[in-house]
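First to last, the sequence lines map onto chains V and D. Be aware that the first sequence starts at 64, since it is given in my numbering, and climbs by one per residue. Be aware that the second sequence starts at 64, since it is given in my numbering, and climbs by one per residue.
Quick caveat, the hints were computed from the structure, so don't treat them as lab data. Fair warning: there could be bad hints in the mix.
Note that identical chains are pooled: a pair holds if it fits in a single copy or bridges any two copies.
Unchecked claim - Result set (SDA-like, lysine to any residue): computed pairs, CA atoms no more than 25 angstroms apart in a straight line:
{"id": "1", "residue 1": "272", "residue 2": "111"}
{"id": "2", "residue 1": "370", "residue 2": "273"}
{"id": "3", "residue 1": "223", "residue 2": "385"}
{"id": "4", "residue 1": "151", "residue 2": "222"}
{"id": "5", "residue 1": "223", "residue 2": "147"}
{"id": "6", "residue 1": "200", "residue 2": "269"}
{"id": "7", "residue 1": "350", "residue 2": "149"}
{"id": "8", "residue 1": "354", "residue 2": "164"}
{"id": "9", "residue 1": "272", "residue 2": "243"}
{"id": "10", "residue 1": "223", "residue 2": "150"}
{"id": "11", "residue 1": "369", "residue 2": "279"}
{"id": "12", "residue 1": "228", "residue 2": "162"}
{"id": "13", "residue 1": "151", "residue 2": "289"}
In this text the structure is predicted, and so the values were computed from the model without any measurement.
There are 2 protein chains.
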Amino acid sequence: MKAIGLTIIPIKEDTMITISLDIGGARLKSALVENGLVRESAIVPMDSSNGLLASLPILEAEVLRLSSIQMPAMLGIAFPGLVNPVEKTVASANGKYTDAVGFAFEEWAMQTFGLPLIMENDANAALLGELAYGCAKNCDNAVMAILGTGIGTAAMIEGKLLRGKHFQAGCLGGHFAIRSLSEGRDCTCGSRGCAEAYGSSWALTQLAKESPDFATSGLAKAASINFRSLAKWDAQNDELAIRIMNQCIDAWSACAVNLVHAYDPDLLILSGGVIHCGARITEPIRKAVAKYAWTPWGTVGVLIAKKPEHSVLLGLHKLCVSETEGE
Amino acid sequence: MKAIGLTIIPIKEDTMITISLDIGGARLKSALVENGLVRESAIVPMDSSNGLLASLPILEAEVLRLSSIQMPAMLGIAFPGLVNPVEKTVASANGKYTDAVGFAFEEWAMQTFGLPLIMENDANAALLGELAYGCAKNCDNAVMAILGTGIGTAAMIEGKLLRGKHFQAGCLGGHFAIRSLSEGRDCTCGSRGCAEAYGSSWALTQLAKESPDFATSGLAKAASINFRSLAKWDAQNDELAIRIMNQCIDAWSACAVNLVHAYDPDLLILSGGVIHCGARITEPIRKAVAKYAWTPWGTVGVLIAKKPEHSVLLGLHKLCVSETEGE
Numbered sequence: 064m065k066a067i068g069l070t071i072i073p074i075k076e077d078t079m080i081t082i083s084l085d086i087g088g089a090r091l092k093s094a095l096v097e098n099g100l101v102r103e104s105a106i107v108p109m110d111s112s113n114g115l116l117a118s119l120p121i122l123e124a125e126v127l128r129l130s131s132i133q134m135p136a137m138l139g140i141a142f143p144g145l146v147n148p149v150e151k152t153v154a155s156a157n158g159k160y161t162d163a164v165g166f167a168f169e170e171w172a173m174q175t176f177g178l179p180l181i182m183e184n185d186a187n188a189a190l191l192g193e194l195a196y197g198c199a200k201n202c203d204n205a206v207m208a209i210l211g212t213g214i215g216t217a218a219m220i221e222g223k224l225l226r227g228k229h230f231q232a233g234c235l236g237g238h239f240a241i242r243s244l245s246e247g248r249d250c251t252c253g254s255r256g257c258a259e260a261y262g263s264s265w266a267l268t269q270l271a272k273e274s275p276d277f278a279t280s281g282l283a284k285a286a287s288i289n290f291r292s293l294a295k296w297d298a299q300n301d302e303l304a305i306r307i308m309n310q311c312i313d314a315w316s317a318c319a320v321n322l323v324h325a326y327d328p329d330l331l332i333l334s335g336g337v338i339h340c341g342a343r344i345t346e347p348i349r350k351a352v353a354k355y356a357w358t359p360w361g362t363v364g365v366l367i368a369k370k371p372e373h374s375v376l377l378g379l380h381k382l383c384v385s386e387t388e389g390e
Numbered sequence: 064m065k066a067i068g069l070t071i072i073p074i075k076e077d078t079m080i081t082i083s084l085d086i087g088g089a090r091l092k093s094a095l096v097e098n099g100l101v102r103e104s105a106i107v108p109m110d111s112s113n114g115l116l117a118s119l120p121i122l123e124a125e126v127l128r129l130s131s132i133q134m135p136a137m138l139g140i141a142f143p144g145l146v147n148p149v150e151k152t153v154a155s156a157n158g159k160y161t162d163a164v165g166f167a168f169e170e171w172a173m174q175t176f177g178l179p180l181i182m183e184n185d186a187n188a189a190l191l192g193e194l195a196y197g198c199a200k201n202c203d204n205a206v207m208a209i210l211g212t213g214i215g216t217a218a219m220i221e222g223k224l225l226r227g228k229h230f231q232a233g234c235l236g237g238h239f240a241i242r243s244l245s246e247g248r249d250c251t252c253g254s255r256g257c258a259e260a261y262g263s264s265w266a267l268t269q270l271a272k273e274s275p276d277f278a279t280s281g282l283a284k285a286a287s288i289n290f291r292s293l294a295k296w297d298a299q300n301d302e303l304a305i306r307i308m309n310q311c312i313d314a315w316s317a318c319a320v321n322l323v324h325a326y327d328p329d330l331l332i333l334s335g336g337v338i339h340c341g342a343r344i345t346e347p348i349r350k351a352v353a354k355y356a357w358t359p360w361g362t363v364g365v366l367i368a369k370k371p372e373h374s375v376l377l378g379l380h381k382l383c384v385s386e387t388e389g390e
């Protein structure tokens, strides 16, 4: 059949250029993103103890710098705490940039740059980024655990990011109690026994220094106690390092099983600083999920984030695209 | 204004009569339900170790007895395991009625009674029943924990029962790991450290008998170790009974905090056999949720089920009504 009287116009995807800002405790990641590709990115030091308001000039300089390369249509910001994506505010900051709570980000973005804004929790953005442009395209049922300075989590169920009434469903997997509420370790969130209190950078230092064999451990010689130094001494058969690493792995595994039990996904995506430790941590987590998660339908796949450095930035871009498309 | 040429017909809700069957490990609850009211109900002994197929005559006798009172439009069945509500099958039975997995309930209901069927996990049905006809009408964001022979949980988010891809999201809160996966107590589900392995009837007997002071505890004199005898000796300051009760409360509290962190509800509804212990258990759980759950928006309400004996039966009725209305 021939089309008669019709001009056939080839379909071309609209070009969408956005700026993403990923606010971290010690650094700001920024990027100019075009159609799911990071065109330009930077990492700028930032200090959460200075608060957010004092750090705004850093954010502003980055947006202006990236805008001068190409004018974006929207701005996306990821924050390491509980975010209200409708009001575009921070609901709770858990010690990082506490003055961000109540700050009018949307007004600031419009007045400073003339740009519309989307805001999201950082782990939620990372999951969206990996599902849109990373390790698990076309997966509609996935959870993510970002293991590093803290534990960030997110859940997508049947193609929709799980948010919940107060926008905190899915985000708080790091604060699942995996030990006794009365005898577990204190967490920064105010609870006890949280996964994060057993498997995060901040817990690591405490766990090491309070151990009776700390003085004789290689960790005592490390310039700073972090997952890099832990992995190094663990590989050298340092007893304390091995013990702490195993304790972290147990905490991450419990968190992973709980994420599977809570959200019923096909996939668990692991990301964050500790995935550089490789199979030493990813294989035990994979095995724990296969062995302990109650999934009569099959086995949850465990994947490593494809773009761990950029998944938050890409997820913010995806949110901008979705908002523009009215999804 | 007057209606001209129109006959005004008073709106009358359609009468909907259904039969509900709540299959438990030791008993079957059955009811004839009319518009959210239980008209006739019964409890019949059943033994899960006999399997489901051998128990079908018990189910059939109850349906026929209730049908003879008034003919129902639908049949609803609740099962204490993972249920596929679309295929109307049991996906996993965790030791109870293991031969129910794969049984064609829909075909059986149609061939035996000529009735269309809905099926649901028992905790999911209980939450629906309490939200439709019980303690929290008009609440759209709630979780439920049924504490008794096991721990059953369910979650409603923004007015929809959370099911997940394989219909097991929300149901598995009793199998959140609240202790180490490597050192926690073995659970019947195949995992370790589950909440249920520390706070359920089956765990109770193990916990008591393996305690070094069991022989000198009042529990050793009890005809059987259950929450009734535990509560009795706990009230009489029996040291072991107090210790086990506190351990159960710690497990339920961790489960409750995890449900809040997972599903972001306004309300937690408690039900199951142990709520007869009253404030001794409900107050510590309420306090733990208020103290340990990270909810910057306010405090999660903790309610006791209004119709704990009937909420599963009523929830099945609600599902029948919803299915008829095409919700």
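Checking an output row: residue 369 and residue 279, CA cutoff 25 angstroms. Within, between, both or neither?
neither (38 angstroms within a copy, 59 angstroms between copies)
With 25 angstroms as the alpha-carbon cut-off, assign the pair residue 200 and residue 269 to within, between, both or neither.
Answer is neither; intra-copy 38 angstroms and inter-copy 46 angstroms both fail.
One pair to classify: residue 350 and residue 149, alpha carbons no more than 25 angstroms apart. Within, between, both, or neither?
neither (38 angstroms within a copy, 31 angstroms between copies)
Identical-chain pair category, residue 151 with residue 289, by Cα at 25 angstroms
For residue 151 and residue 289, neither the intra-copy (33 angstroms) nor the inter-copy (50 angstroms) Cα distance is at most 25 angstroms.
Alpha-carbon proximity context of residue 370 and residue 273, limit 25 angstroms:
neither (35 angstroms within a copy, 50 angstroms between copies)
Please work out whether the CA atoms of residue 223 and residue 150 approach to 25 angstroms or closer within one copy, between two copies, in both situations, or in neither?
Both, since 19 angstroms and 23 angstroms are each at most 25 angstroms.
Intra- versus inter-subunit Cα pairing at 25 angstroms for residue 354 with residue 164
Between copies only: 21 angstroms across chains, 41 angstroms inside a chain, cut-off 25 angstroms.
When Cα atoms must be at most 25 angstroms apart, do residue 272 and residue 111 count as within-copy, between-copy, both, or neither?
within (24 angstroms within a copy, 52 angstroms between copies)
If the cutoff is 25 angstroms on CA atoms, where do residue 228 and residue 162 land: within, between, both or neither? Let me know, please.
within (23 angstroms within a copy, 39 angstroms between copies)
Since the copies are identical, ignore which copy is meant and state whether residue 223 and residue 385 lie within 25 angstroms (CA to CA) inside a copy, between copies, both or neither.
Both, since 12 angstroms and 23 angstroms are each at most 25 angstroms.
Please sort residue 151 with residue 222 into within, between, both or neither, judging by C-alpha distance up to 25 angstroms.
Result: close both inside a copy and across copies, 22 angstroms intra and 24 angstroms inter.
Could you figure out if residue 272 and residue 243 sit no more than 25 angstroms apart (CA to CA) within one copy, between two copies, both or neither?
both (22 angstroms within a copy, 22 angstroms between copies)
Checked against the numbered hints given earlier, the structure breaks hints 2, 6, 7, 11 and 13 and satisfies all the rest.
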